[in-house]
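For the protein sequence lines, the chains are Y and W, in the order given. Note that the first sequence covers residues 1 to 80 in the numbering used here. Note that the second sequence covers residues 1 to 471 in the numbering used here.
Treat the hints with care, since some could be wrong.
From chain W, some residues computed to sit far from chain Y (all C-beta separations above 10 Å) [as the list claims (entries may be wrong)]: (1) 50; (2) 57; (3) 153; (4) 276; (5) 289; (6) 302; (7) 326; (8) 331; (9) 361; (10) 466; (11) 469.
Facing chain W, a subset of chain Y residues (Cβ under 7 Å, in silico) [what the hints assert, rightly or not]: (12) 20; (13) 22; (14) 25; (15) 29; (16) 40; (17) 41; (18) 47; (19) 48.
Covered by chain W, according to a simulated footprint, are these stretches of chain Y (three or more residues, beta-carbon under 8 Å) [said to hold, decoys possible]: (20) 2-9; (21) 30-39.
For the record, the hints were derived by calculation from the structure and aren't laboratory data. Cβ coordinates follow ideal geometry from the N, Cα and C atoms, glycine included.
Listed here are the chains, written in short residue letters.
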Amino acid sequence: MNEQDARDAVRAAIGKVAPDVELAEVDEDARLRQDLELDSLDFLRLVETIDTATGVDIPERDYPEVATVKGLIGYLAAHG
Amino acid sequence: MGDFLMPSLGADMEHGKIVEWLVKPGDYVRRGDLVAVVDTDKTVMDVESFQEGVVAELLVDPGETVPIGTPLARITPTPAEVGAPAQPVAPAPSVAPAPSVAASPAAAAEPSVAAAAPVRATAVQASPGEAPPIAPPVRHLAHRLGVDTARIHGTGKGGAVTRADVEHAVAARPSAGRVRSSPRARRLAAELGVELSGVSGTGPEGAVTVADVQHAAGSRAEAGAPAGSAPPQEQEPEAPPPGKSPDARERVASLRRAVGALMSRSKKTIPHYYLSTTLDLRAAVEWMQSVNAQRPVASRLVPSALLLKAAALAAKDVPEVNGFYDDGGFRPSASVHLGVAVALRQGGIVAPAIHDADTLAVDMLMEQLRDLVSRARAGRLQRAEMADPTITVTNLGDLGVESVFGVIYPPQVAMLGFGRVTEQPWAQNGLLGVRPAVTATLSADHRVSDGLRGGRYLTRIDELLQKPEEL
Numbered sequence: 001m002n003e004q005d006a007r008d009a010v011r012a013a014i015g016k017v018a019p020d021v022e023l024a025e026v027d028e029d030a031r032l033r034q035d036l037e038l039d040s041l042d043f044l045r046l047v048e049t050i051d052t053a054t055g056v057d058i059p060e061r062d063y064p065e066v067a068t069v070k071g072l073i074g075y076l077a078a079h080g
Numbered sequence: 001m002g003d004f005l006m007p008s009l010g011a012d013m014e015h016g017k018i019v020e021w022l023v024k025p026g027d028y029v030r031r032g033d034l035v036a037v038v039d040t041d042k043t044v045m046d047v048e049s050f051q052e053g054v055v056a057e058l059l060v061d062p063g064e065t066v067p068i069g070t071p072l073a074r075i076t077p078t079p080a081e082v083g084a085p086a087q088p089v090a091p092a093p094s095v096a097p098a099p100s101v102a103a104s105p106a107a108a109a110e111p112s113v114a115a116a117a118p119v120r121a122t123a124v125q126a127s128p129g130e131a132p133p134i135a136p137p138v139r140h141l142a143h144r145l146g147v148d149t150a151r152i153h154g155t156g157k158g159g160a161v162t163r164a165d166v167e168h169a170v171a172a173r174p175s176a177g178r179v180r181s182s183p184r185a186r187r188l189a190a191e192l193g194v195e196l197s198g199v200s201g202t203g204p205e206g207a208v209t210v211a212d213v214q215h216a217a218g219s220r221a222e223a224g225a226p227a228g229s230a231p232p233q234e235q236e237p238e239a240p241p242p243g244k245s246p247d248a249r250e251r252v253a254s255l256r257r258a259v260g261a262l263m264s265r266s267k268k269t270i271p272h273y274y275l276s277t278t279l280d281l282r283a284a285v286e287w288m289q290s291v292n293a294q295r296p297v298a299s300r301l302v303p304s305a306l307l308l309k310a311a312a313l314a315a316k317d318v319p320e321v322n323g324f325y326d327d328g329g330f331r332p333s334a335s336v337h338l339g340v341a342v343a344l345r346q347g348g349i350v351a352p353a354i355h356d357a358d359t360l361a362v363d364m365l366m367e368q369l370r371d372l373v374s375r376a377r378a379g380r381l382q383r384a385e386m387a388d389p390t391i392t393v394t395n396l397g398d399l400g401v402e403s404v405f406g407v408i409y410p411p412q413v414a415m416l417g418f419g420r421v422t423e424q425p426w427a428q429n430g431l432l433g434v435r436p437a438v439t440a441t442l443s444a445d446h447r448v449s450d451g452l453r454g455g456r457y458l459t460r461i462d463e464l465l466q467k468p469e470e471l
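Start from the sequences, fold in the hints, and give me the full structure.
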């Protein structure tokens, strides 16, 4: 998956899990938990949404790599 | 004739607004069927019927706000499945009860009620000038078809209502030809945009069930339904974009007022005491990671599920933290309905219950937790979930703090708090290691317990978490 597709997928997934987040204003360095205030269930749903949309299943051991928006985009681009 | 009243949906509720009726006059409802959607200051809830019968009249229009206890609808009792043993034609009632309701004590008590019903039914029929005479098989038919016999003009002997009269009444209903379906199925259909008449029902007498609606929605999606239509489970109504419309802002403000009023009452009336301890989560986290490694993301667990299960089991062992304190003093609860404080993304908090959490397997509890949180955020909770938690847990951990000392939700007597799961230096047997750990706190009511019993509750949770596979 190229980076733009990965970015689109991440934005779509965040929009679904946290509809109140202003996607246009999200800084890609933003941390999903602390800055976007996703709790563990939101995060799980985000991972699930991405899996459904892209087929990339992020295992739990890789969660530290996808803690930020940028990290998540990079992960999808590399594994998708 | 019974009135369906505006129920109290929480200790802090004074009035509610009817958002939507899920039934209409002439509908047959069983105890536990959802009949109305009610908006409180806190959230929008589905409210179920507490009685069985036919909806005779709706007394409050959608949009109206009324105090609790106000009659909302009249429900005419019908004889329960009384003739059933003697009636070869007696099929199951047309309305499928929701599974969760079927398990409730009220539903379980029904057989004995039904056994007593014939006598009562006769007495009702004999009351002066009210209902026309009616033969039991016909009454049974009317009951099955949801026809209120008191509203039928009988053409039989002495004004008796005959089978033909009942059938005629059914045919003459404004909604004649309507699809038989449960209220729950109807609502789901409306939510999913499924036309009921196009669904073939597999329920009793071809009634459309929730499963049928889901199936129809699913096959429609597969058949290349309109772009943008998601699989059914993802079509939950989303909360309105917060902070955007004046409506949403007003909702946040009123929720804040409601939370403030309840917490003020709690702090004024409940003598809180506070305890804190650190729980060793090495066993629990290792077990969870090994389980999760073999699972697709949809069925993975989060630490909260284990913490909640341990909290529920421990509450069973320390009854002083589980129940209600009211005018009559402390009433311990035999069941553990675990309230889960859910922060709403647009601001504010609600704490609906996971029923009988102590009896649920961890997987099931996880599933219910996800469902509850997503519905809480979408603003679609059910009455019982809001009304009857017996102890509440707040789990602020993901926001990054180590511990949280909660305020007890009256009339409950304890609030359990979990902080963030962190790796901490841990000394054991003279050795220092690093383990995942969490700070558990207890705010409890001194009128009911003291530090010794409260401490027992927290240490019991710790013990349970050391054997996660047994949770």
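Which numbered hints are broken by the structure, listed smallest first? 5, 6, 13, 14, 15 and 20
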